[in-house]
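*Asks:* Sequence:
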Amino acid sequence: MDTIKNVIQNGYQIINKLSQNYFLNEGDIDKQQYWSNQFQQEFIRHSTAEEIILLPQYEKYDITNQNEHDHQQMKNLLFLLETTTITDPQYHLTFDRLIQKFHKHIQHELNVNLPKLEEVLTSDQNSTLAHEFQETKYSSQLKAYPTSSINPPL
Numbered sequence: 065m066d067t068i069k070n071v072i073q074n075g076y077q078i079i080n081k082l083s084q085n086y087f088l089n090e091g092d093i094d095k096q097q098y099w100s101n102q103f104q105q106e107f108i109r110h111s112t113a114e115e116i117i118l119l120p121q122y123e124k125y126d127i128t129n130q131n132e133h134d135h136q137q138m139k140n141l142l143f144l145l146e147t148t149t150i151t152d153p154q155y156h157l158t159f160d161r162l163i164q165k166f167h168k169h170i171q172h173e174l175n176v177n178l179p180k181l182e183e184v185l186t187s188d189q190n191s192t193l194a195h196e197f198q199e200t201k202y203s204s205q206l207k208a209y210p211t212s213s214i215n216p217p218l
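The sequence shown begins at 65 in the working numbering and counts up one residue at a time.
Derived from the structure by calculation, the hints contain no laboratory data. Possibly wrong hints are sitting among the right ones.
What the hints assert, rightly or not - Cβ pair distances, simulated, as ranges:
hint, residue 1, residue 2, range
1, Pro-153, Ser-191, 45 to 53 Å
2, Pro-179, Ile-150, 32 to 40 Å
3, Gln-84, Glu-199, 23 to 31 Å
From the three backbone atoms N, C-alpha and C, an ideal C-beta is built for every residue, glycine too.
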């Protein structure tokens, strides 16, 4: 039975590996573009699922978080990547900034928010949340829209 923390942590590991592949292929524009695209798709799916599934849970259980601000900053950086060519010197700098923000976000999520959330969830609720997260993640749009609402329309 998956827990929400395990599902989130596995997602972070995948995103991290994709970003490493981008950096490992420095000098090969085609391969870097491929790995950047893979990274962006996975990142967008993951962060969208966090916004739709996790943020309401944090609000419901009064878990204060930095997620909305972090997510907005990362959306803005993703949008810059989508609108910049990989040969532009700003592309690599933007990718670096996004990775830095992402790593800061990971630490806070795994060490503060998720442990607090898992304290108040039953085992069944945790498992259900993990399942909903996975379903949402793989049914998400694949474009970063910095002006889109953090709060899902319900």
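*Asks:* If a hint holds in the structure, say so; if it does not, say that too.
*Replies:* Structure-based check of each hint:
The hinted window of 45 to 53 Å between Pro-153 and Ser-191 holds, with their beta carbons roughly 46 Å apart. Take Pro-179 and Ile-150: their Cβ atoms lie about 38 Å apart, and the range 32 to 40 Å holds. Judged by the Cβ atoms, the range 23 to 31 Å given for Gln-84 and Glu-199 holds: they are separated by roughly 27 Å.
Of the numbered hints listed earlier, not one is contradicted by the structure.
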